[in-house]
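Number of protein chains: 2
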Amino acid sequence: MVKQNFVLKGDICYSPSLKELKCVKNGYLVCKDGICEGVFEKLLPEYIEFPLIDCSGMLVVPGMIDLHIHAPQFTFRGMGMDLELLDWLKTYTFPEETKYADVDYSRMAYREFAHTMKNSATTRAVVFATVHREATVMLMDLLEETGLITYVGKVNMDSDAPDDLREESAEISAFDTVGWLEDIEGRYVRTKPIITPRFLPSCSEKLLNELKEIREKYDLPVQSHLSENPDEVALVKKLFPKAAFYGDGYDRYGLFGKEAKTVMAHCVYCTDDEVERIYNNGVFVAHCPTSNMNLSSGIAPIRRFLEKGIKVGLGTDVGAGECESVFRAIGDTIQVSKLYWRMASKDCAPLSFAEAFYLATAGGGEFFGKVGKFEKGFEFDAVVVDDYELSGLNEIPIISRLERAIYLEADNKYIYKKYVGGNEIDLD
Amino acid sequence: MVKQNFVLKGDICYSPSLKELKCVKNGYLVCKDGICEGVFEKLLPEYIEFPLIDCSGMLVVPGMIDLHIHAPQFTFRGMGMDLELLDWLKTYTFPEETKYADVDYSRMAYREFAHTMKNSATTRAVVFATVHREATVMLMDLLEETGLITYVGKVNMDSDAPDDLREESAEISAFDTVGWLEDIEGRYVRTKPIITPRFLPSCSEKLLNELKEIREKYDLPVQSHLSENPDEVALVKKLFPKAAFYGDGYDRYGLFGKEAKTVMAHCVYCTDDEVERIYNNGVFVAHCPTSNMNLSSGIAPIRRFLEKGIKVGLGTDVGAGECESVFRAIGDTIQVSKLYWRMASKDCAPLSFAEAFYLATAGGGEFFGKVGKFEKGFEFDAVVVDDYELSGLNEIPIISRLERAIYLEADNKYIYKKYVGGNEIDLD
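Same order as they appear, the protein sequences are chains A and B.
Count along the first sequence starting at 1, add 71, and that's the number in this note's numbering.
Count along the second sequence starting at 1, add 71, and that's the number in this note's numbering.
It is worth saying that the hints were derived from the structure and are not from the lab.
Careful, some of the hints might be misleading.
Identical copies go unnamed one by one, so any copy, or any two together, can satisfy a pair.
Calculated pairs, EDC-like style, for lysine to aspartate or glutamate (alpha carbon to alpha carbon, straight line, at most 20 Å) [what the hints assert, rightly or not]:
hint	residue 1	residue 2
1	K417	D158
2	K417	D302
3	K417	D153
4	K484	E460
Can you make the complete structure from the sequences, with help from the hints?
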């Protein structure tokens, strides 16, 4: 994997900050050794020898970051949407995830997932697998091949799940997790493990303790679910009476930020104390608006998180979200924020297009380091969108073209090129 | 236009009633003289001579009905979404609609609109044009060519709009409306006029009176907007102090159901009295969930309307809705109904997939007569969706394939054939 030096020419857009969307018409985006040198209106002499990739007239944007997606649920995306979380898990999700004990099934299913992700606008993702060690390695192998950069978690769950999916004990879950980490030791350049307790209701305290130790030993990040749905929150309260709130149940086991880089999906029903802890511990929120609608969960108060200074990115949450399009997640983020303002709290102003775009790029990108902006020193993730077919009669500003491309989910049809960490992805 | 006799073979789905979604695998859908004969598991001898169009393995569904769409707003769909209704009208809509005074601009813009509609899953639509007589005729000419069946309205507005868009007086507005009706007299087979006061704030009482007379004289249906946004509702209250509620302002001029077949878009903020009047007068509600999110309007209580027995269909409301996909409107209908249940009223159960599909087909179809079901005597509107590329590893029931195709907006890519009133549409 040779890091190339090159220049992308096109109509370049990115978010320097939450409120700001910078657009440069016929600009030059420079990649040097896989790292962004910046966006230039004129090409500086020092880059004149770099190969020029001419995408004039096309939109060039940072790669989309998906902070929450379930690979094994891709097979049933867009189906069975008439249930709430706990029933949906029992009826659709757990039975499907059980199939990943079968390596042949996993290979076929994960191949489809990886293929779709490769051709999407997503350049980096934080991914749930299942409890199965072998299938998780297979998923990681396939994702490594795509060229995308991902965190992938073998799921841990030793309680409150069907017998054929639930791990037999905390010890076996821990043993398999360590085994999985050993299996993949040194195996990948782009694919990294992440500790993945499914959610509190499916983890015994013993298992959480085991995960704490494994996490510390291997110095791994953490992903899970938090305060998604009222029934789930009530269940956690019942199962973890000692926890001050849902997130405290993770925090007691070192699985909630601070030295453990952590992303928590949903955060629809966080109490004030929980919001405070999220902020203090530097936990990332993965906002999944599509999923939160589909499972009748509600709307997360993202404006409140942003005002507090909490780090927020977007998640598609396939399969509770119907598709892997982060463009769709951007549109939904704006739309539900408007409903939240209208129906729940006039203190939470709707998110603007610029703000939602920031979350999908720089917001989530921070989980991966210096990612998500076209600024000097950032890793070079870029997507080129050929929006010609969406253009109409009127000459419109680049920012409006971008807004239209996002709202019309141009990532389904019009991705022309994609780069991750300076490497071009071989799109179909 | 010869009405053909033929048989479509495929995986056929339609809604016999609000709660019921009927699916027949490898079924036969028979068209005789442009009229549906029904769906059959085996082909009856009387149809054996009819040409068989083999769409085996594909989904065959009734054409989508769009009860509310603005043709001139197609040019700026998916842009400028960060404003509420009244500001959005002033900033984006009115300036764009002003351009339709120019016939050349109208031709180019409406050509794009008609072309997109032809290739969509929509078979029938109720369409707003602008105030301009000549441009409206051009739009109708272009829509007639598509083969779709539409109602198209020349807009009336003599108040509260920019000078260069507003009609100079009620008399001139009425004169132009009659002139428009004379221009198109006998001109179309599929394209019909509809009386179209923009919304109450842009109509003087004098104009409403003129429209009442024109409507009666020509026996025309009516379309407009109703109780979309709190600021708009407040404005109506101020401008029409004598009206008991928004809809009463139309009803006083015979523009609200009863003998005047009427469709009102939005209905987000209807009072109890208004709901009662809608029901009693047989007014159709065009539910536009996407638009209602984009303009921060809110969520219409569709469950309440359905329980009351009100006639409801779906509208994409381009350009406040970002695209012309009724599939998208179905998904959004379900999603916002879940949020309404969660956030506004536990008495309003979320709409199921089957219910939302009914609204998009039979619900809206009723505005056009016997349309929207595959039952004997219904006009033959059908769309064939080739969902092969969406299929996955697992064999899934037809109803789940349909749900997935709708949620993933398969109408953007996978429309294989389309029939309107028995005629095949020549898709690109």
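Fill in: Copy assignment of K417 with D158, given that the CA separation must stay at most 20 Å
Result: close only across copies, 18 Å inter versus 32 Å intra.
Practice prompt. Measure nothing new, just compare the shortest in-copy and cross-copy C-alpha distances for K417 and D302 to 20 Å and report within, between, both or neither.
Written response: Answer is between: at 15 Å across copies they meet the 20 Å cutoff, but 26 Å inside does not.
Item to complete: Measure nothing new, just compare the shortest in-copy and cross-copy C-alpha distances for K484 and E460 to 20 Å and report within, between, both or neither.
Response: both (10 Å within a copy, 14 Å between copies)
Worksheet item: Between the shortest in-copy and the shortest cross-copy C-alpha distance, which are at most 20 Å for K417 and D153: within, between, both, or neither?
Response: between (30 Å within a copy, 16 Å between copies)
The structure meets every hint from the earlier list without exception.
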